[in-house]
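Position chain S against the provided structure of chain P, taking the given hints into account.
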Amino acid sequence: MADANAAFTSPRDRLAEWGGTAVDLGGAAGRACGYVARDPVLAIVAVVLGLLALIALFGPEVWGIDPLSIDLLVSLEGPSWAHPMGTDGNGRDVFARFLQGARISLSVGALVVITGLVVGGTMGLMAGISGRVVDNILMRVIDALAAFPPLILAMAITVGLGVGLDTGAFGIMLTSVPYYARLIRSDVVRIRALPAIEAAVAMGASRPRVVLRHIVPHTTSTMLIQSAAVFGYAILTLAALGFVGLGAQIPEPEWGAMITDGLQYALTGQWWIAVFPGLGVLLAVVATNMLADRARDLLDPHGQQASV
Amino acid sequence: MFSLVLGRLTASVVALFGASVLAFVVLRVTPGDPARLFLGPFATEETVAELRRKLGLEMPLVEQYVNYIADFLQGDWGFSYTTGETVAVQLARRFPATIELGLYAFILAFVFAVGLALVAAYRRGSPSDGAIRALSFFGLGVPPFWFGLIALVVFFEQFGWLPGPDGRLDLARDPPPDVTGLFTVDALIAGQFATLGDALLHLVLPAITLGLLPFAFLLRLLRANLLDVSREPFITVARSKGMSRWGAFLKHALPNAFLPTLTAAGLLLGQLLAGSVLVEKVFNWPGAGLLVTDGILRQDFSVVQAFILLSAVVYVVANLIVDILTGVIDPRVRQPARLG
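Residue numbers (the working numbering), protein chains in the order written: chain P, 1 to 308; chain S, 309 to 648.
Extracted from the complex, chain P is given alone in its bound form (with noise of 0.2 Å):
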């Protein structure tokens, strides 16, 4: 992170430098850019991310058909100029719950992002940062977390709170935390060992001012890393309890228990409805995943890797 000749600059530069390469926000979207103009892949993989982020902002509303209503009159029609992805057994528009499907997977992934980055984040970082007792406790909550295979830790919560999007949501950002927490408290703990960390208790600030300006921006590649994997990971997820029934139930537009809906029709040749929505997810994994696994090497070649 520092420069070669860091040396030779004063302990107070070095220790600004320190502290504000890795949050030095405008240069970093400038620096994102160039890698997509230089980078082809990159530059699929954001125009797909644009894409669909499009579709789910806008694409219910510009679109204007009601992902919900049926027509028994046009059933299990194949994709023609006025249903561009046919339609179901009961003659819903698949393309208009293709966009809603879109529109909900983009904001549970997004909504676990956040809240598994805040959860773990914050316990992370309290274990990293905390003496041995808290950090056993805050670590030993996370392992029983992690003794689930992630997917039957989201089907338990949903058999337990209820079948539904939401409590599905919340079960996705459940098994999220023990990604961010493990990653985000190793980060920590390799970051307290700095010199930087050391010149800057050597130089009197405060434990608060250490954690919050010198500590926790150093997190930050890490965090956007493992939250690219986590987005895709959420998509995925939510699309498999959708599909085993635990998720959204099957009138709703999600992705996953839209292919269920399919699942009978695609052995008799009306593979329309499973196909397109299963895409969906497949785009919209493989984007975030290259993203991540591109992000990896640009912000953090020597670091641990993000998975999930």
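By construction, these hints were calculated from the structure, which means they are not laboratory data.
Ideal Cβ placement from N, Cα and C applies to all residues, glycine included.
All clues stand as given, with none of them false.
Example chain S residues on the side facing chain P (calculated, C-beta under 8 Å, incomplete): (1) Ala327; (2) Leu460; (3) Tyr623.
Below, chain S alone, put in the same frame as chain P:
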């Protein structure tokens, strides 16, 4: 070594205790009234209260938890509200099918991941490396149940090359005499080669579908490890002794690249367990996963609850074994120096 085993064992027991409390709180305390759920909306208040007493729901929570764990450890996992059978019997009958599917999925995933990771690392930066990396991104991002559906549409409905979603054997064929519960093994033992072929054909699509995620995961991990190891000085030494590049890769890089992969074996098992719930539904594979999705569909959650706690146990134990094995193989892990 002893302290490593002891430390990991304690950590696992603590994790399992936490997980069981979590499962107890989520599955036993929060949902409405199990007695009401069982008796239905038309039962009188008195009958519900009596059943609550019988089920031990009036006892203090700590006592309820102890009973819950005692029952679980004794294999008393409740009974299905719809079929009346005990959950243990049902799960025991279904597990061989899940194990057979998981076994073939794992073998496929492992063989292809090792092979392709070797090619990708050997020709890093080439188009074949790019294609292999794209394949791993696909495997990590595709919903397995959707992939299975597409595979069925193409290979069963369109071309008719492979059997459809009708379980482990053709409907007209009797299962082989039961020895291991794995149809392919049992058919081989009994010498019923037609049955063996049929069982294998039925396994192709489900095993590929279930194996896709572990395959992609392993492939990514192995490729990265191989690239790391291939930069080590001992590879340069092997090459300068006149060893061919492939020789150095196979003999020196691959064995060393396996170690970090071993630590991920527990994760792989978790993927296979969770994946079986998704994949078995698509293929009507009569395993434990299908039992779970059927239970969800019929609102019969006792099977689901047992499966959830059981997978936590299997997952934690697998991770414990992996940790200890890693310590046995790699002396560096045995050092107590733990920084993070």
